[in-house]
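Participant: Construct the entire structure; sequences and hints are all you get.
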Amino acid sequence: MNIIYGIDLLGTMVFAISGGMAANRQGIDVFGATFMGFVTAIGGGSLRDVFLNIRPVWVEDSNYLIAIFIGVFISVIANRHLYNWAKTLTLFDAIGIGFFTVVGTQKSLDYGSSNIAAIMFGMFSAAMGGVIRDTLMNETPLILRKEIYASACLSGAILFVILEYFGLSRGWNAFISASFVVGVRLISVKYNLSLPTVSPVEDKKS
Amino acid sequence: MNIIYGIDLLGTMVFAISGGMAANRQGIDVFGATFMGFVTAIGGGSLRDVFLNIRPVWVEDSNYLIAIFIGVFISVIANRHLYNWAKTLTLFDAIGIGFFTVVGTQKSLDYGSSNIAAIMFGMFSAAMGGVIRDTLMNETPLILRKEIYASACLSGAILFVILEYFGLSRGWNAFISASFVVGVRLISVKYNLSLPTVSPVEDKKS
Amino acid sequence: MNIIYGIDLLGTMVFAISGGMAANRQGIDVFGATFMGFVTAIGGGSLRDVFLNIRPVWVEDSNYLIAIFIGVFISVIANRHLYNWAKTLTLFDAIGIGFFTVVGTQKSLDYGSSNIAAIMFGMFSAAMGGVIRDTLMNETPLILRKEIYASACLSGAILFVILEYFGLSRGWNAFISASFVVGVRLISVKYNLSLPTVSPVEDKKS
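First to last, the sequence lines map onto chains E, F and A.
Okay, so the first sequence: first residue is 1 according to full-length UniProt numbering, each after it adds one.
Okay, so the second sequence: first residue is 1 according to full-length UniProt numbering, each after it adds one.
Okay, so the third sequence: first residue is 1 according to full-length UniProt numbering, each after it adds one.
Keep in mind the hints are simulated off the structure, nothing from the lab.
Don't take every hint at face value.
To be verified - Covered by chain E, per the in silico footprint, the following chain A stretches (three or more residues, Cβ under 8 Å):
hint	stretch
1	19-28
2	47-59
3	113-127
Glycine included, each C-beta is placed from N, C-alpha and C at the ideal position.
Facilitator: Here it is, written out as structure tokens:
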């Protein structure tokens, strides 16, 4: 339990860093950066909890908000250096989405959602924060571009539900499914893999 | 009840198709298309349920999610052909917003919202999915352009509340109000009608 | 209580005017303007209530929706003149965010959120409506630009929580904290103050 709680806080911080970095890139003030860190870190899980009709964990447990502030603080003071750490951040981000996928799927099942909904929530929890961040920044969301990002989360969530169905213990399931997400994401970044796109109609006409 | 449930699923599928088509137009991968189909089909009703503080129906009933997957599948495999079916889709979409307007208004009244709020929710349920879709696609939302779309939903929701006030049976009310929305929408598309806009200030100066 | 209720309705109306004005600037029809007025006025507080897992006040009390309709009506009929009243509107808007900050912080504490979450909610309640408005209009949200806007709300919410901690009566606390927000906002507008931004990386390289 303690380890999971710690990783959850760490994942929250990592996402806050990525939100703060997005704000920094556009010359936004520190309050704007905090806001961006906040929605990026907490957007996905909160949306899941709202649809499950439960109260998000950060409303009562202020450790999550403190983790976000630390993340934003890091993104602001280490602004220039973070770009040199891009690879490190990709690694952290991959760990973050791996863990958030598992936590999201698990929580949804515990609160009585259907298996398919739990899979969607698992993906949401991990990928939605980035969607909100990119939407606010007026960019086409990362998950709507060709990169394998949401699809890594989705497949990890599906794996979790299947392993749960076959009665694997929660601990092993969490470890295997999260590792699967991290692996898929890192391999796709390393080899620049992407899913096939549906060709736009205009191209077909030419 | 069975017919209403079936139409609800059909409406969900139609909206998923329109979301998938929007994604296809921009060359987005199949997971992105699924995401777009999902938010388009479920965004409006979920937002209503969240404000009513109840759990959206698709969290527990996976038939809605299956309807969405079928819709997205159709949008992907029939990508090119769908543009030839534009008229058919406009008809389906009109039926969809007609039905969603009535379901949304009815559900809000049942859960104790005021008449005015029920009218807003009726419009929301029908039109909001498209707003989210267009916002994510970085386009000015359809309902904020001149076309008669949200206004058709709004007038249908008002009609429903008035007929409910005068004691008309739910079945007839649903049929009449939904038909009204469909009629207004189709007539406005056919004759290219639009509401008067408030002239921008710049124009007045010239 | 009566005065607070009245100010709450007035603040709602002022935000609806600003939403309607944003719609008018882009030549959007009256239903679109109503929609924009609605999300601007109600977006922030509703988001707070959704995360607190309670039902927003306007779902059952239709006075809030009536206040919005009046606000949108004003923005539409007084379209041209409102631009001459820009200073008056800035004043009203400042009063609006001051009051909404205090109401938001107070309500969050009453419903059991942590102090830090209450501060976030106080800022949200006041500033989020504008974020949604600007996002739908495809502009970089005001609060993400350099102006002191969200930061005024944030500091007011922090002040409220500190004074609450030291046992100041709710009435005095509300008055002092709201006045603080209004003062900070108006002074920053008058003297064109802004927070220091984190320099974008590109600038540093040159």
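Participant: Now look at each hint and say whether the structure bears it out.
Facilitator: Now for the hints, and whether the structure bears them out:
Counting residues of the stretch 19-28 of chain A whose beta carbon lies closer than 8 Å to any beta carbon of chain E gives 0, which falls below the threshold of three, so the coverage claim is violated. Counting residues of the stretch 47-59 of chain A whose CB lies closer than 8 Å to any CB of chain E gives 4, which reaches the minimum of 3, so the coverage claim holds. Given a C-beta distance limit of less than 8 Å, the hint that chain E covers the stretch 113-127 of chain A holds, as 6 residues qualify and 3 suffice.
Violated hint for the displayed structure: number 1, the only one.
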